[in-house]
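Chains A and B, in that order, give the protein sequences.
The first sequence begins at 1 in the numbering used here and counts up by one.
The second sequence begins at 590 in the numbering used here and counts up by one.
By construction, these hints were calculated from the structure, which means they are not laboratory data.
For clarity, every value in this text was computed on a predicted model and none was experimentally measured.
There's no promise every hint is true.
Taking CB as the label site, the calculated pair distances span [stated by the list, open to error]:
| id | chain 1 | residue 1 | chain 2 | residue 2 | range |
| --- | --- | --- | --- | --- | --- |
| 1 | A | Arg446 | B | Arg770 | 32 to 40 Å |
| 2 | A | Pro412 | B | Lys730 | 34 to 42 Å |
| 3 | B | Ser699 | A | His528 | 38 to 46 Å |
| 4 | B | Asp755 | A | Ala135 | 38 to 46 Å |
| 5 | A | Gly421 | B | Lys730 | 39 to 47 Å |
Backbone N, C-alpha and C define an ideal beta-carbon position, used for all residues, glycine too.
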Amino acid sequence: MAQKLKEVDVVIIGVGMVGSIVAKELAAAGYKVVGLERGEARFTVPEFQGPAIHDELRFDIRKALMQDNTREPVTFRNHGSETALPVRRWESFLPGTGLGGSMVHWNGQTYRFQANDFELATRTRERYGKDFLDADVTVQDWGVTYAELEPYYDRFEYLLGTSGKAGNIKGTIQPGGDPHESPRSREYPTPPQKEHFQGAMFRKAAIGLGYHPFPQPSSNLSQPYTNPEGVKLNACVFCGFCERYACEHYAKSVPQTVILPVLLANPNFELHTGCQVQRINLDSTKKKATGVTYIDRAGREFEQPASLVITSSFALNNVRMLLLSGIGKPYSPASATGVVGRNYAYQTMSSVASFFDQDVFINPFMASGASGTLINDFAGDNFDHSGLGFIGGAFIGAVNTNGRPIQYHPVPPGTPAWGKGWKEAVVKHYNHTVMFSLHGSSVSTRQNYLDLDPTYRDAWGQPLLRMTFDFPQNDLKMAAYVTAKGVEIGKAMGAKQVAGAPRKGPYTTTVYQTTHNTGGTVMGNDPHTSVVNRYLQSWDVSNVFVIGASAYPQNASWNPTDTLGALTYWAIDALKNKYLKNPGHLVAA
Amino acid sequence: MDKFSRRSFVATVGAASVAPVSALLQGPPAAAAPQNPTGPTSAVNPAKPVYLFFNLAEAAFIEAACERLIPADESGPGALRAGVPNYLDTQLGGAWGSGERLYRSGPWQSGSPSQGYQLPFTPAELFHTALRAINRQLETKSTPFGALPPEAQDAFLKSLEAGALDLDGVPSAVFFDMLLRMSVEGFFSDPVYGGNRDMVAWRMIGFPGAYADYYEAIDRHGERFVREPMSIGEDGHAHIHPDPNIPARL
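Bound-form chain B, shown alone (with noise of 0.2 Å):
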């Protein structure tokens, strides 16, 4: 049911489901928490996330680089708790990871900024090949990246970010522009994706989701609108033509 509060926020929905990041870090990220239909969950189910597209060692980057990218906080629950990294691996293990929507025809030569990506990579062999290059230099190190100061895994990003590095042919900044839009991608799409779990991002920032209804709301000038976020997967919309004596299709 709809309603307008002008409560805060973080008293509707409660810093329950807040997971501390030390203990995020520690296990494994959860995998999908059940749906909650009266609320969010605060439990973290520990059970072990599936990756059909990382192997191990890049699972592991990629789980501790999201939750820096997006990490969790007084704010709200991170990059692991909405099961950023599995939404990754379902991307670029399926059609998105081999050039959909991407035109694939040479000759490759690089262009201008305006002119846009211009590598003969698709997204899966982007990833592959950039993550073989990182690991590659982590293994030198003595700690893991995974168990490296928040301080330290920023600085690597940071690096990779200014475009330092060349990762077997990847710019390390066209790989970590990749890498940070499709987490943010894979935190606020709807969670049939297997990101923003439970919904968790959009009741961070107040998004109804699928919901498709405002025509009284909104009327309801400033107020804050306080509904459970709906997910397409929850959405059992049917709509009937107005004229029945109208074909709706051929």
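Next comes chain A alone, as it looks inside the complex (with noise of 0.2 Å):
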């Protein structure tokens, strides 16, 4: 029997990234806030510090930091046909739990969509005309664009501090810059961090082919930063272990190092960690949420009665909640109706490595998340794609970022997987070698869904997420197109030996990829094709909003962590002038 809770005015599920900025934001405006986080508190001191925290078997290999994945894990199959079975070991996406969420464990690579990637359907019917795309592709349009995002990615960007050279201001081409981005208002709040060794002969070799090149936007800071919350922040000083950890040095931007000390300084702010919410709870005409259920760390169950409820969750937990809740009509491929789960996708991951002489020495190790040098020039519709059959491609970049060496120490193809040929070739090239990431976009498409599996279950008896997924052939097509511009650029650094690897098919849940899922609960204008509306609010119940990259329709060139802190800013900008004031749908079904 659950134990009611004292009403208060909202409640957030998850507090990471999107969760800690909504809380602060609507506790600072007098709201009463509970903030409900499965994992447990923690914080730079004592929990991130040297020397324990440079550990790659216990982060890289045992997933300290993630989701507990004996509880809490997702099915998956390759095919509607298929047997979705449990993915029993966390590797190819690694979501996180604890204060804080994903966001402490990632790379900090900050960047924007461009203003193309919010109307995508549209222009790509413009440009290449309605039949250009594959009958099972259903992208589709935002319903917000880049105009009206471009003042809260500058907020986010301004929250993190991040380190970059703009490219274009007000639509002036700035030198130095990336000059495919969409206009930004003003320049990055610091400046790039150094470039790294692969970084400058990235640079020069994409010169050299007509490219443009430009350092990657980080969140690890090239010089120490105040925020506009008051919060400080201290420069990156490059120690390689970044991603799937969490930062010692306050150089990283995470809601740590952003916004937490603030919010948990507001009384109108309560913390609960440990809690794991079961469900949304709806009255009777299943139009209106009336709070959360929850099981706490000790097992009791407690209802939390709220006039407005945000799940701020991993992607993948905001769709499994509105479906665990029954918020919003379930997605069914084989009549395409329904929006939940909808429009799964995720990102085209290729690579490139590039072997030189043993003269040459590249200390991978000496690398941030962020550190490297990349072009845009082959990334979303920065080229034409008349007679390609694709859309979207992928930012090319030498953006190594470690060189921790249970996972990273590459060998050329053909190479033997043990013995002596395989150890001499790992000694040969580990300091000699470039790796490039080719981080490419990802199109939704009618068969790839999220829905509840019908067998497996959580710790807490609910039904797991089901994830059907495959590459579609537009992305694959991508893939093997831009790869082989990674591997020219890899000629023209002059390395000895090039070896691309354009991502295929099928997609394998056992090699790390991304943890770039996204979809799911869909944004959008038309009910029919999306679960949330432009301001991420529910269709169905509109005191339910949904914020997470689950509201992305389908998935672009970069990292989409600095969209996701625009859309969070976009829909508290809603909440607070527009609903607060006036509960209700902000916009008419």
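Quick one: dock chain against chain with the hints and give me the complex.
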């Protein structure tokens, strides 16, 4: 029997990046806010401190900061005709858990999407004709434009203190930046990080080929910074233990270093950790949420009534929360009806390895999570796709982030997997190889989706999320095209041997690719093809907002976090200035 | 003290750290070698390793197999010198062996390669089961596995890798994959876990380990970074928040 708690104004499910920012804004506006976090509270001191944080086995291999998959995995299959089975060990993607969420272990790569991305369906039709896309592709417009989001991107980047070089300020191209970027209103808060050797080699080769290299925008800061919340960060020292790790140096922008100190000082906010939310409760009309039910770490059940429910957990968990709560119609690929779980997309990652002679010392261990150099010449719609048979693209960059040797020991194709031949190759190439990442877009399709698994359950007895996904032909064609471009750059760098590895199907859960899972609670202007409206408000239950990368109708060529930060501030603006003044549907269905 | 040099790495740390295969295979592997802050040690401590998870027959196979996966050669020490079998023993006897980070609810059924590991065995159960079957097969041969010539050892390991054998319900390819992955882990992980003894693997490739500050060094493009590697067992860093008025925690 659940113990009923005192009603509050707002309950927030998941206190990661989105939850922290929303809670801070609404608590500061005078609302009583409760944040429910399933994981533990943790802070730079003492939890993230050296020497223990620099432990590749514990954090990379054993995945110490990740969602507890022994209690709460997902099930997976490539195609609807197969039986989905549990992902018994995380590999392909790594959702985090605990205060600060997945952002604690992010790289800090802080890209904006381009104007084209937010109107992808319309602009593709306009430029390439209405029959250009494969029949199974279900890309659509976001219902919000880049111009509308620009002030919110700006606010988020200044919260983080992102280090970079603008390429386009109010329409004027800036030397040294990315000329393909959509206009930004001002320069980055801090200058770019120092360029590592791989980045410098890449820059020279890319310029020689007529491309437009620029420094990777990084939220591992190039210099000390005090953000508009009054919180101070340090400069990154390129320790090489960034993604999959928490930062010991106060140099990576994460909730702990940019906003939690302010949020936790506000008496309007209460943080409860170790709380597993079971569902959002609805009233008898199913049109209004009454709060949430959760189970604490001691197994006690509570009902937390609230006027407004915000689910701000990892993308996959946002989708599952709506399905478990019966909010919105679940998507069915057979009839192509329903919306919750529809348009699940990912990221199409390829790579290029360039092997150099023994007198070229790369020192791959000197890096931040985002201190590379890259080009956007083959990203998004920055090149003509006529006759290519696909949309989208990838950034290509020397963006290697580490030399942690259990995972990082590149060898040329054809090297034996073990024995003397393997060992000699590892020793020979470890410090003489440059890796490019080709970070590719992902279209949504009719057959890729998320729903509840009919068989497997979590530790609380609730159905697991079931993922049905394989790479669309569109994206495999894209990967092959951009990888060939990457190989040309590797050769132009003077490498002795260049090996391109375009992403190929089938998609596998056994190899890490990215944690950029998107879609499933898609935003839009049409309730038949979206779960939330352009303000991330549920079409079905007006006092539920779903904020996460689950809102992306498809995924673009860049890391998703900056866009999620922009959407968060965009939604907060609508909450504070529209919804909370007059609760109800912000957009007529 | 950090310094850059274009001297070759072999000249820096010396061939003295390379123990001959024959010497290692004749006797038990080295126990923990003393940490040497000025350079690698060439001494191989003859103390008998302690195995808490593997029985004697299992340990004998594991020692010989690991040394074939990562053999000592001109490029540097192999798995035995690095303590990889001891790493495996500690991991399999601890939380990892009993299913840490492994979702263990049924129903159990085999899936496609994309769906990954779907067997009910914990790593500990999988190793015991597979090693029992392997040693049963090897007992029928006149020569113990550890005494076979390297080519014959490799041929047997390749048969496991190819998945040709059913090891009492464990596909041999699954066992081999887990053995290889864990051997690489033990070779390259921080020495506090019992492998990578005296940081031999890090020295071999030039990885500085848990060392954490390259703010100045990153500007020295293309130069060899020569520095004694650092284990998390010896890093004494501490960090203080830049603004004492901001609470670091609740």
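A quick look at each hint next to the structure:
1. Checked against the hint of 32 to 40 Å, the C-beta distance between arginine 446 of chain A and arginine 770 of chain B comes to roughly 37 Å, which is consistent with it.
2. At about 36 Å, the CB distance of proline 412 of chain A to lysine 730 of chain B agrees with the hint of 34 to 42 Å.
3. For serine 699 of chain B and histidine 528 of chain A, the hinted distance range of 38 to 46 Å is satisfied, since their beta carbons lie about 39 Å from each other.
4. In this structure the supplied range 38 to 46 Å holds for aspartate 755 of chain B paired with alanine 135 of chain A, their Cβ-Cβ distance being about 44 Å.
5. Remark: the range hint 39 to 47 Å for glycine 421 of chain A to lysine 730 of chain B is contradicted by a beta-carbon distance near 26 Å.
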